[in-house]
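Asker: If you're matching positions, the sequence shown starts at 1 in full-length UniProt numbering and goes up one per residue.
It is possible that part of the hints are untrue.
[To be verified] Straight line, CA to CA, 30 Å or less: simulated DSBU-like cross-link-like pairs of lysine-lysine: (1) K263 - K302; (2) K263 - K300; (3) K310 - K158; (4) K370 - K300; (5) K310 - K364; (6) K362 - K302; (7) K158 - K29; (8) K335 - K370.
[To be verified] Cβ pair distances, simulated, as ranges: (9) L237 - L262: 23 to 29 Å; (10) H245 - D137: 42 to 48 Å; (11) H245 - S321: 39 to 45 Å; (12) A151 - V6: 25 to 31 Å; (13) N353 - V322: 25 to 31 Å; (14) G341 - T19: 54 to 60 Å; (15) H373 - V313: 31 to 37 Å; (16) C17 - V313: 32 to 38 Å; (17) H241 - G375: 31 to 37 Å; (18) E5 - L296: 36 to 42 Å; (19) N36 - Y332: 35 to 41 Å.
No lab work stands behind these hints: they were computed from the structure. Remember, it's a predicted structure, so these values are computed and weren't measured experimentally. Every residue, glycine too, gets a C-beta built ideally from N, C-alpha and C.
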Amino acid sequence: MSVLEVTSELYAEAEFCSTETGNGNAISKFTFVYPNRRPDLDVVNGAQAGLSNGMEKRNGSVDRHSERTESIKDYEEEEYFPEEESYESDCDECVSEFSEEQEEEQEEFEETGTDDSSSNASSQSKATTKQSPIKLDKDGDAIVERPRRGAIDIEHRKSTRLDLVGLQIWRGALLLADYIMHNERKFKNSHILELGSGVGLTSIVASMYAREVICTDIDIGGLLDLIRGNLQRNAHLANPHCRTHVTELDFKVSYQDYPRELKNQLQHVQYVIAADVIYDDDITEAFVRTLVSLLLELPKLKAIYIALEKRYVFTVEDMESVAPCYDYFLRYFQKRNSRFGVNRWKLINVCMNFPRFFDYDKVKDLVLLKICHAGK
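Can you make the complete structure from the sequences, with help from the hints?
Answerer: And the structure:
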């Protein structure tokens, strides 16, 4: 009987320098552009200047899916509520909530794409009155600052069975990596837990800024050993003060049954990240239960970030294309969230106008979600 194998779309859309290892895996080089160091946040017409500094600048064009012609209101993060229920817009509350949560005012703008009127006006004034000086060489020619580039070497599979998709790399991991690089101040010296780390690419990026990164996944198909190997392979990129750990965390195991050592490590976690873990309803339910446990048990947890790609199928029942796995995640999370008649957490769509530092197609079906406590 044949076994159905799946292949990440990522391999077909970008050229990777790959070397076969002889054990069915490949080692590929994922190149990226380091973020520009900007001392001030320049704002022009309410939109952040320099958003095209990543791969878009390197390629000489802005990613077609990142272009925005809508008003600033369209840039704001939007809180998700089920369609069958009616709620008033809560955008202003979300924006004020971030200003309290983040340590610097700039982080609010970078995440929501908006700012309050007074600080916005001040930033616009700075942008119009303060021009960056042009640096000249000894001959009087302008010095052009070229983007600093790097590369992450990852051992992975190019195709697998559905139960081993963690051995591949998917677009959501690169989207989440982009977000971390763009918000390096937020994640600097923080404690990060990654759920469903796969081959560890996003954890490697997180280790460039964090104080501690805990990489977790199920121990199947040699996945944990693969993560350890990839972390070691890219150790030169990590923050020298960052501690990395690789351990098993199965969504289907309750928090009460976690090893004591893991529970102790989790007490320091400030951010939880996950990419491309929503593709099966049973796993989705276990994933949501894990999220709920972490939201309840981790005292220092500020936010959870989830990157995924909505995958559409046409159904006769709906007579349209739907994204069943994504929709099921939203419904099941809302069900768990409102168990006691009140929403304990907020599920927010993160603004997608941050730069693309890795070389991949930032398609419109990519989504970045943020979960945080409703009371914060």
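Asker: Hint compliance check: list the failing hint numbers for this structure, sorted ascending.
Answerer: Checked against the structure, no hint fails, so every one of them is satisfied.
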